[in-house]
Amino acid sequence: MKRKVLIFSTLLSSIIFITFLNQGIDKDSVQSKEQNIEISEIYGDFVMDATKKEEVVGNSENVFIAKVIKQVGTQPLNEHMPRTQFEVEVKRNIKGKLKDFIIINQSAGFMTDSEGNVTLVKFENQELLEPGKTYLFASLYDSNNNWHNPVPGYGEVLVSDDTKKQMIDEYKKAFKAQKTSKIMEKHKDKDFVNGYIDEE
Amino acid sequence: MNIAPDTWATYEDLTFKDILEQSTLLGYYQKLTGSDIIAFNVFNFMKMTNDERKKVALHEMGHALGFGHHDSGIMRQGRFSMTELDEHIKEDYYELY
Ligand SMILES: [Zn+2]
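Residue numbers (our numbering), protein chains in the order written: chain A, 1489 to 1688; chain B, 43 to 139.
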């Protein structure tokens, strides 16, 4: 509780400080030109340096190549945070073991407000997954929903026939040199050494 | 984020939220037409020290003010030792505001 109060008071004093220092800055809301859909970009931060493959692999339970079959759901995280669920076919496991068809819960999707305005929420410039395309996923297993949460952007990388072999090699190498964050190691129900193995 | 002192009492510029998701995400900044949102992922915050939480909170505030990622300091992605404002963000601050 004390900690919460401390965090809150730190933030509050920063906001007050900043409010006094600023005269007002224009909002530059991003508007898509082709369609009348507003785009809201998320700037996310992770337990790791997500630009390093050893850390992405080390902090994921599964790393695998899969082909997107179809969109199967749009169950949001909350009112501002749409999520889109896709059925994917696992083609090759690099870390952990997943079988055949699983659900990927992507941190992106459309939301509609009370006035009918549609906003596409996405992680920086990461596009929605496309059925028929193949991706490298690095994810955590969410047992409550029985789906897999990929690292936004860095754990949902488009794979082409040309890049596939090289990418598999790179991530296999990264698995051998994987680094797990101390925060993730505290999630005792997860195995970051060997990854999540679907026994069924 | 739009900071408007003359209307701050009636117009909310920034909202703080908690999310709970089994992911590697610590927090995020979301730019919206109304009030911008900073969210913290309780799944990982439960496992963090006070200093680590404070660093993430400062970092996300940095994004809300328009700062991007740096190779060092508080706007470095995924590193936890910093809890004070560093030189990089101070320079950026004077440049932007
Ligand atoms: Zn950041």
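Errors might be hidden in some of the hints.
Stated by the list, open to error - Derived Cβ-Cβ restraints for the label pairs, each shown as a range:
1) N1682/A <-> D93/B: 27 to 37 Å
2) T57/B <-> D1588/A: 36 to 46 Å
3) K1660/A <-> L138/B: 14 to 24 Å
Unchecked claim - Straight-line Cα separation of at most 25 Å, DSS-like style, residue types lysine-lysine; simulated pairs:
4) K89/B <-> K1678/A
5) K1652/A <-> K1676/A
6) K1540/A <-> K1667/A
7) K1558/A <-> K1540/A
8) K1674/A <-> K73/B
9) K59/B <-> K96/B
10) K73/B <-> K1676/A
11) K1676/A <-> K89/B
12) K1555/A <-> K1585/A
13) K1674/A <-> K1664/A
14) K1558/A <-> K1652/A
15) K1670/A <-> K1652/A
16) K1540/A <-> K1670/A
17) K1540/A <-> K1674/A
18) K1621/A <-> K1667/A
19) K1664/A <-> K1540/A
20) K1678/A <-> K1587/A
21) K1540/A <-> K89/B
22) K1579/A <-> K1621/A
23) K1653/A <-> K1676/A
24) K59/B <-> K1674/A
25) K1587/A <-> K59/B
26) K96/B <-> K1670/A
27) K96/B <-> K1540/A
28) K1660/A <-> K1678/A
29) K1670/A <-> K89/B
30) K1585/A <-> K1661/A
31) K1660/A <-> K1579/A
32) K89/B <-> K1667/A
33) K1540/A <-> K1555/A
34) K1652/A <-> K1667/A
35) K1558/A <-> K1661/A
36) K1621/A <-> K1653/A
37) K1667/A <-> K1653/A
38) K1555/A <-> K1660/A
39) K1667/A <-> K96/B
To be clear, the hints were calculated from the coordinates, so they are not data collected in a lab. Note that this is a predicted model, so its numbers are computed, not measured. Where is the CB? At the ideal position from N, CA and C, for every residue including glycine.
Hints, verified against the model:
1. Checked against the hint of 27 to 37 Å, the C-beta distance between N1682/A and D93/B comes to roughly 31 Å, which is consistent with it.
2. Hint check: T57/B to D1588/A, Cβ distance near 41 Å, so the stated range 36 to 46 Å holds.
3. Under the hint 14 to 24 Å, the C-beta atoms of K1660/A and L138/B, about 43 Å apart, miss the expected range.
4. A C-alpha spacing of about 14 Å is found between K89/B and K1678/A, which places the hinted pair at or below 25 Å, so the restraint holds.
5. Annotation: proposed proximity of K1652/A to K1676/A is violated, straight-line Cα distance about 33 Å (limit 25 Å).
6. Distance hint between K1540/A and K1667/A is fulfilled; the C-alpha atoms sit about 10 Å from each other, no more than 25 Å.
7. As the CA atoms of K1558/A and K1540/A are separated by approximately 30 Å, the hinted pair breaks the 25 Å bound.
8. The suggested pairing of K1674/A with K73/B is violated, with an alpha-carbon distance near 31 Å, which exceeds 25 Å.
9. Between K59/B and K96/B the alpha-carbon distance is near 15 Å, which keeps this suggested pair within the 25 Å criterion.
10. Distance restraint check for K73/B and K1676/A: the Cα-Cα separation of roughly 34 Å exceeds the 25 Å cut-off, and the hinted pair is therefore not satisfied.
11. Restraint check for K1676/A and K89/B: the C-alpha separation of about 11 Å stays at or below 25 Å, so the hint holds.
12. The straight-line distance between the Cα atoms of K1555/A and K1585/A is roughly 16 Å, inside the 25 Å bound, and the hint therefore holds.
13. About 21 Å separates the Cα atoms of K1674/A and K1664/A, which keeps this hinted pair within 25 Å; it holds.
14. Proposed proximity of K1558/A and K1652/A is supported: the alpha carbons are some 21 Å apart, at most 25 Å.
15. Note on K1670/A and K1652/A: the hinted pairing is violated, with a Cα-Cα distance of about 31 Å set against a maximum of 25 Å.
16. A distance of roughly 16 Å separates the Cα atoms of K1540/A and K1670/A; the hinted pair therefore holds under the 25 Å criterion.
17. At most 25 Å may separate the alpha-carbon atoms for a hinted pair to count; K1540/A and K1674/A meet this at roughly 21 Å.
18. A C-alpha spacing of about 29 Å is found between K1621/A and K1667/A, which places the hinted pair above 25 Å, so the restraint is violated.
19. Restraint check for K1664/A and K1540/A: the C-alpha separation of about 13 Å stays at or below 25 Å, so the hint holds.
20. Among the hinted pairs, K1678/A with K1587/A is consistent with the structure: their alpha-carbon atoms are about 18 Å apart, no more than 25 Å.
21. A distance of roughly 22 Å separates the Cα atoms of K1540/A and K89/B; the hinted pair therefore holds under the 25 Å criterion.
22. For the given pair, K1579/A sits about 12 Å from K1621/A by alpha-carbon distance, which is consistent with the 25 Å threshold.
23. Of the supplied pair hints, the one linking K1653/A and K1676/A is violated, its CA atoms being roughly 33 Å apart against a limit of 25 Å.
24. Distance hint between K59/B and K1674/A is fulfilled; the C-alpha atoms sit about 23 Å from each other, no more than 25 Å.
25. This hinted pair does not check out: K1587/A and K59/B have alpha carbons roughly 35 Å apart, beyond 25 Å.
26. Proposed proximity of K96/B and K1670/A is supported: the alpha carbons are some 17 Å apart, at most 25 Å.
27. Proximity of K96/B to K1540/A is assessed by CA-CA distance (about 24 Å); at most 25 Å being required, the pair is judged to hold.
28. Between K1660/A and K1678/A the CA atoms are separated by roughly 20 Å; this keeps the pair inside 25 Å, and the hint holds.
29. Distance restraint check for K1670/A and K89/B: the Cα-Cα separation of roughly 9 Å lies within the 25 Å cut-off, and the hinted pair is therefore satisfied.
30. Taking the CA atoms of K1585/A and K1661/A, the gap is near 17 Å; set against the 25 Å cutoff, the hint holds.
31. With a C-alpha separation of about 15 Å, the suggested pair K1660/A and K1579/A falls inside the 25 Å cut-off, and the hint holds.
32. Between K89/B and K1667/A, the direct Cα distance comes to roughly 18 Å. Compliance with the 25 Å bound is thereby established for this hinted pair.
33. A C-alpha spacing of about 24 Å is found between K1540/A and K1555/A, which places the hinted pair at or below 25 Å, so the restraint holds.
34. Distance hint between K1652/A and K1667/A is fulfilled; the C-alpha atoms sit about 23 Å from each other, no more than 25 Å.
35. For the given pair, K1558/A sits about 30 Å from K1661/A by alpha-carbon distance, which is inconsistent with the 25 Å threshold.
36. Restraint check: the Cα-Cα separation between K1621/A and K1653/A comes to about 16 Å, which is no more than 25 Å; the hinted pair holds.
37. About 23 Å separates the Cα atoms of K1667/A and K1653/A, which keeps this hinted pair within 25 Å; it holds.
38. Pair hint K1555/A plus K1660/A holds up; C-alpha atoms about 19 Å apart against a cutoff of 25 Å.
39. Between the alpha carbons of K1667/A and K96/B the distance comes to roughly 24 Å, so the proposed pair stays at or under 25 Å and holds.
Going through the hint list in order, the structure does not satisfy hints 3, 5, 7, 8, 10, 15, 18, 23, 25, 35.
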